[in-house]
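Trainee: Order-wise, the sequence lines are chains A and B.
Under the numbering used here, the residue at position 293 of the first sequence is numbered 293, and the numbers go up by one with no gaps.
Plus 364 on top of the position in the second sequence (first one is 1) and you've got the numbering used here.
Covered, in the sense of this in silico footprint (three residues per stretch, anywhere, with C-beta under 8 Å from a C-beta of chain A), are these stretches of chain B:
1. 396-402
2. 475-483
Okay, derived cross-link-like pairs now, BS3-like style, lysine-lysine, Cα gap no bigger than 27 Å in a straight line:
3. Lys115(A) to Lys142(A)
4. Lys106(A) to Lys428(B)
5. Lys249(A) to Lys58(A)
6. Lys286(A) to Lys249(A)
7. Lys58(A) to Lys518(B)
8. Lys327(A) to Lys58(A)
9. Lys504(B) to Lys468(B)
10. Lys142(A) to Lys229(A)
11. Lys142(A) to Lys210(A)
12. Lys341(A) to Lys428(B)
13. Lys504(B) to Lys106(A)
14. Lys504(B) to Lys428(B)
15. Lys468(B) to Lys106(A)
16. Lys58(A) to Lys106(A)
17. Lys185(A) to Lys115(A)
18. Lys58(A) to Lys115(A)
19. Lys428(B) to Lys364(A)
20. Lys341(A) to Lys106(A)
21. Lys142(A) to Lys327(A)
22. Lys58(A) to Lys511(B)
23. Lys327(A) to Lys364(A)
I should point out that these hints are in silico values taken from the structure, not numbers from a laboratory.
We treat Cβ as the ideally placed atom computed from N, Cα and C, and that holds for glycine.
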Amino acid sequence: MSKAQIVSGDFTISVAIFIAILVMVLPLWNYVETQVRSNEERMDMESSLMIVSDVLIKTQGLPENWSASNVRSIGLADEEGILNTTKVLNLINMSYDNVRDLLGIKNYELYISLKDIDGYDAISGVCNSPAAYFSVNEEEMKNIIANSGITWDYYYGGSGTPDELDSRSFYSASKADAFNSMLSKSNMYKTIIIENPELQESEVSIDELKSFLRLGGILIFEGNATLIKDSFGMHAAQGSNREGIVTEKNSFVMEEIGKDVIFADAEWAFYQLADDSTLHKLISDKNDNSYAVVGYWDYGFGRIYYISDISGTIDGNSMALNIVGEKLEFGVQANGNIASKTQRPVLLSKERNMVINMVMVLWK
Amino acid sequence: MKKIIFSSKEIRLKGERTNRSYRVCSSKAQVSLEIMTYIIILTLMLAIVTFAAINRSNSILTEKINMDARRAAKITAIEINTAVSVGDGYRNEFSLPQYLYNAKNYTITILPEYQRIYVDWDNRSYSVPLLTSNITGSIKQGINIIKNEHGLIKIE
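Taking the hints into account, I'd like the entire structure generated from these sequences.
Mentor: Below, the structure is given as structure tokens:
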């Protein structure tokens with residue numbers, strides 16, 4: 001009897017100890033394995049990230065002018081370090097799984113975003129954040145930039161109280177005061193949008209606008225061109241009821257060359273004289289193609305986009321100008337435990353070069 | 365005593381000792397039953413732990429083989445990409461394992477028309493994109509020599 005009790009007690013204790021050790025060891029084993037596995041995955045992610053980001057920013061892809069339907073290898077560059085906006089947009093429009101497969105990272109989730117050097121989202125349009133918008137009475141451009149993702153301040157020189165929409169700040173005064181207030185803060189902006197200002201050079205601090213452009217700012221100017229008609233490296237003439245024809249296709253005017261454009265009220269157009277900079281006539285006056293009703297030219301390190309009238313139709317549809325475009329991002333934002341991130345400075349070619357950071361994250 | 369243990373008849377014959385004998389017999393059976401129960405429990409636990417360990421070690425082995433395949437593809441991709449980046453005159457030697465995780469056969473192929481490297485094993489495949497499609501030669505297990513001759517990447 002005593003033997004049986006001793007044996008039973010010993011066994012019970014030994015089994016209890018064995019189970020206790022097992023219970024302690026199993027999670028520890030699991031933990032160590034998880035740690036080893038995540039370290040391996042992190043290293044694998046980092047090497048994949050290095051290879052894939054190199055391929056994206058250094059190669060043109062296959063074929064050279066690839067699209068979502070014929071791509072064999074994805075590359076976003078025109079040349080090493082200079083990204084092609086059209087290829088970036090092609091990537092954005094591709095299926096997520098197809099991109100991961102082509103990049104050899106189907107084990108991981110992927111997120112790519114392009115940010116400017118101040119951390120604002122890069123967009124495919126010509127307008128960069130932060131932007132200033134000036135208007136007097138006509139406000140057709142306001143509906144384009146509002147709720148587009150652009151960070152913008154609103155300067156209003158008209159009467160009454162307009163809808164501020166999603167502007168970051170609102171300033172209202174007489175048209176010259178509102179305009180000059182905007183110019184006095186021009187170093188805060190990357191883009192200035194001016195809609196039909198009905199102002200003369202003598203009424204405003206025009207040198208500040210020139211200085212803004214010389215330093216690399218972008219001016220998008222719509223309507224009455226009196227303010228910039230002579231001293232901004234190009235010349236303008238007033239007419240009436242101009243009709244247009246698409247003469248150059250690029251990422252600003254993506255319509256087919258030769259298409260007719262009917263405007264509601266296009267009066268002004270720009271033309272180039274011998275000493276002027278080069279005028280890119282995207283939509284020319286149909287009756288005299290030396291005039292641009294929609295076009296752009298460089299001024300200093302900056303650029304001026306001129307639109308005679310934003311209300312135009314092509315084949316019965318509204319003329320779509322790529323002013324704000326879309327946010328340049330692709331994939332799924334990281335919410336996993338293991339992630340690897342790289343940030344590569346590149347130039348984004350939007351008919352002009354803009355320094356941006358390509359942020360790429362692999363995660364699981 | 366001994367007789368009682370081995371013969372149930374004798375237990376019945378020797379009435380007064382029967383009770384005691386019965387108790388001894390009952391304790392021994394209890395011990396035997398307990399040992400059997402413990403052994404069964406321990407065997408079951410051992411079986412469960414062994415099964416889990418084998419299962420997990422198989423999954424670790426598969427993962428190790430996958431990792432080795434990815435590593436082989438990436439080593440080659442990084443060598444080719446380095447040769448492209450450094451430019452004309454680049455020459456280097458690099459080595460690829462004979463087997464994945466010392467056990468699995470694999471093949472490694474460059475498809476210039478897709479600008480990528482494929483590693484195939486066990487009906488599985490892994491690919492890595494490259495910086496160039498301008499490549500001649502083929503990759504083999506063991507030592508490979510890579511050169512950049514006027515932009516053309518040669519592998520020997």
